[in-house]
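> Build out the structure end to end from the sequences listed, making use of the hints.
Protein sequence lines, in the order shown, are assigned to chains A and B.
Residues in the first sequence are numbered consecutively from 0, following numbering that gives the first Met the number 0.
Residues in the second sequence are numbered consecutively from 0, following numbering that gives the first Met the number 0.
Hints are not guaranteed to be accurate.
You can't tell identical chains apart in this list, so a pair holds if it fits in one copy or across any two.
[What the hints assert, rightly or not] As a list, the in silico DMTMM-like pairs of lysine to aspartate or glutamate whose alpha-carbon atoms are at most 20 Å apart:
(1) K1 with D51
(2) K20 with D258
(3) K193 with D224
(4) K260 with D121
(5) K108 with E293
(6) K240 with D258
(7) K20 with D141
(8) K240 with E197
(9) K16 with D258
(10) K12 with D23
(11) K179 with D270
(12) K210 with D165
(13) K210 with D192
(14) K260 with E239
(15) K108 with E315
(16) K46 with D23
(17) K260 with D270
Please keep in mind that the hints were generated in silico from the structure rather than gathered at the bench.
There are 2 protein chains.
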Amino acid sequence: MKIGILGYGNLGKGVEKAVAKNDDQELVAVFTRRDPAGISINTPGAKVLSTDALENMQDEIDVLIICGGSATDLPEMTPKYAAMYNVIDSFDTHANIPTHFANVDEAAKAANKVGVISCGWDPGMFSLSRLYAHSILPGGNDYTFWGRGVSQGHSDAIRRIDGVADARQFTVPVEAAVEKVRNGENPTLSTRDKHTRECFVVAKEGADLAKIENEIKTMPNYFADYDTTVTFISQEELNEKYSGLPHGGSVIYSGNTGDNKHVIEYSLKLDSNPEFTGSVLAACARAAYRMNSEGMSGAKTMFDIAPSYLSPLSGEELRAHML
Amino acid sequence: MKIGILGYGNLGKGVEKAVAKNDDQELVAVFTRRDPAGISINTPGAKVLSTDALENMQDEIDVLIICGGSATDLPEMTPKYAAMYNVIDSFDTHANIPTHFANVDEAAKAANKVGVISCGWDPGMFSLSRLYAHSILPGGNDYTFWGRGVSQGHSDAIRRIDGVADARQFTVPVEAAVEKVRNGENPTLSTRDKHTRECFVVAKEGADLAKIENEIKTMPNYFADYDTTVTFISQEELNEKYSGLPHGGSVIYSGNTGDNKHVIEYSLKLDSNPEFTGSVLAACARAAYRMNSEGMSGAKTMFDIAPSYLSPLSGEELRAHML
Numbered sequence: 000m001k002i003g004i005l006g007y008g009n010l011g012k013g014v015e016k017a018v019a020k021n022d023d024q025e026l027v028a029v030f031t032r033r034d035p036a037g038i039s040i041n042t043p044g045a046k047v048l049s050t051d052a053l054e055n056m057q058d059e060i061d062v063l064i065i066c067g068g069s070a071t072d073l074p075e076m077t078p079k080y081a082a083m084y085n086v087i088d089s090f091d092t093h094a095n096i097p098t099h100f101a102n103v104d105e106a107a108k109a110a111n112k113v114g115v116i117s118c119g120w121d122p123g124m125f126s127l128s129r130l131y132a133h134s135i136l137p138g139g140n141d142y143t144f145w146g147r148g149v150s151q152g153h154s155d156a157i158r159r160i161d162g163v164a165d166a167r168q169f170t171v172p173v174e175a176a177v178e179k180v181r182n183g184e185n186p187t188l189s190t191r192d193k194h195t196r197e198c199f200v201v202a203k204e205g206a207d208l209a210k211i212e213n214e215i216k217t218m219p220n221y222f223a224d225y226d227t228t229v230t231f232i233s234q235e236e237l238n239e240k241y242s243g244l245p246h247g248g249s250v251i252y253s254g255n256t257g258d259n260k261h262v263i264e265y266s267l268k269l270d271s272n273p274e275f276t277g278s279v280l281a282a283c284a285r286a287a288y289r290m291n292s293e294g295m296s297g298a299k300t301m302f303d304i305a306p307s308y309l310s311p312l313s314g315e316e317l318r319a320h321m322l
Numbered sequence: 000m001k002i003g004i005l006g007y008g009n010l011g012k013g014v015e016k017a018v019a020k021n022d023d024q025e026l027v028a029v030f031t032r033r034d035p036a037g038i039s040i041n042t043p044g045a046k047v048l049s050t051d052a053l054e055n056m057q058d059e060i061d062v063l064i065i066c067g068g069s070a071t072d073l074p075e076m077t078p079k080y081a082a083m084y085n086v087i088d089s090f091d092t093h094a095n096i097p098t099h100f101a102n103v104d105e106a107a108k109a110a111n112k113v114g115v116i117s118c119g120w121d122p123g124m125f126s127l128s129r130l131y132a133h134s135i136l137p138g139g140n141d142y143t144f145w146g147r148g149v150s151q152g153h154s155d156a157i158r159r160i161d162g163v164a165d166a167r168q169f170t171v172p173v174e175a176a177v178e179k180v181r182n183g184e185n186p187t188l189s190t191r192d193k194h195t196r197e198c199f200v201v202a203k204e205g206a207d208l209a210k211i212e213n214e215i216k217t218m219p220n221y222f223a224d225y226d227t228t229v230t231f232i233s234q235e236e237l238n239e240k241y242s243g244l245p246h247g248g249s250v251i252y253s254g255n256t257g258d259n260k261h262v263i264e265y266s267l268k269l270d271s272n273p274e275f276t277g278s279v280l281a282a283c284a285r286a287a288y289r290m291n292s293e294g295m296s297g298a299k300t301m302f303d304i305a306p307s308y309l310s311p312l313s314g315e316e317l318r319a320h321m322l
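In structure tokens form, the structure reads like this:
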């Protein structure tokens, strides 16, 4: 199947790597709102084109994987291109999912295309873990822990503070809380009980460190509800020790059948958040193409994808090797 | 939806408990090859009937959950009843899955019914974990560890030895091997490297303990390839400490995107193997009923079930609460 990637930031580059590993997928082009001449990609033979070219490439691309931000890019892009292509996105603004789903559904149905939204690991694989667990053992509790890993949103929030040159924020699950959940204790956990936040900050010369630290720790929504530590380091140390984008976490579900307790845990330990997320998007592109080939259309999430559609293997092969 | 259970051993009882917790499911009857008068069940209002009654209850039962053994019961029962009902089973003889699938497929398609085979946790949820991981990160390695938990097949094998009154066998994963896999080291592991076997044995009076121990430890397929420990205990101690059927384990997948490693782990810690398995079967019964209501037919595995079919919640509710 022929793949297009819209957007070439960290996620778009992650999708490109994933497509290169999938024998049944071929990257046709990366589309960008920037000047294509300024972008060089890693796939021999694939083009870099302006988004304008998407108006006329329906015969050349089977699935368009849209790698934009959830705040402003995807709400506009995904419905727009779902009217022309099978599309995949990683929309993760939870409160706006109903609206986004409805917009993509309308466009995709009218065009007889499939649009899979909110793919990745959370939303995505973590959501699937919650759904499977609740379906098997109704009435239990799910707990999601994120980290240890880099939150790009929180890192950006620190960078916007006056006097900050650079920053990297790690979200860290509280191990004692994780253990209680793993033991099936069903604890009631506050925001502060579940995660701590570690901030590594490069200050500008002459900046007031105490003021920066206070601004971080008291920032509403981002840090005020957490136990937060702030460590000032040099740009060199930040680049050397904290340049990657690792992430991960666990969904732990605790349920019962009468007196018998059962604990289900799904966990990820990822060296690169955007490359793993890109790999999920590439697998969803395979599913979208196959579902559309069978006549399905409209908006979907990973909840609506029979797992076999994600795999390049046939039903016979899957039953022989993975069942 | 109206549910029938065929077979009332540990698994059938587990399914009964699960159906009682599912608001959208009603147990109509338990069917047995034994004398129905000798069986009392836990669901008020549900009947206990002979399997003969199944010939004429198509209007009263939407899904029949077949709780028989994989060796001789299911190969005969599942195709037979797939010609009359939507059916679910937990067939787990791996080498015979292609034949079983084909037989159920033929019967179910001819009757316009859905037959979901090999449901449970392995095969079942563990299979799904392998499939999702391989689809997202092709080229990696999956490792499955079972336990700590009771293997009923191995316990039965010990009980067949001369001089043994009762026995319970625990399968135990080797923690050092699990840790290597979790660290993404992709080790090559022999059978002996992955699991040990702990046997708690009640000997008959006057039995030759050394002979029993030797027979266990050298038993081909079951124990000879493992580091096995044998502990003789009294029937009272066995009943008191080892009467449950706990089980569980982990599927750990280790893959990469170029230089970046990613580790995916799905694990279960179950107080009761048959009750958890029964809960999976009940969720699959919901899916079979809904898929058949939408016009689908034929043999399926959990690979073919879009996750949303397993849940009683609507698409809107799932997206709002679990995505």
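> Okay, which hints does this one fail, numbers in order?
13
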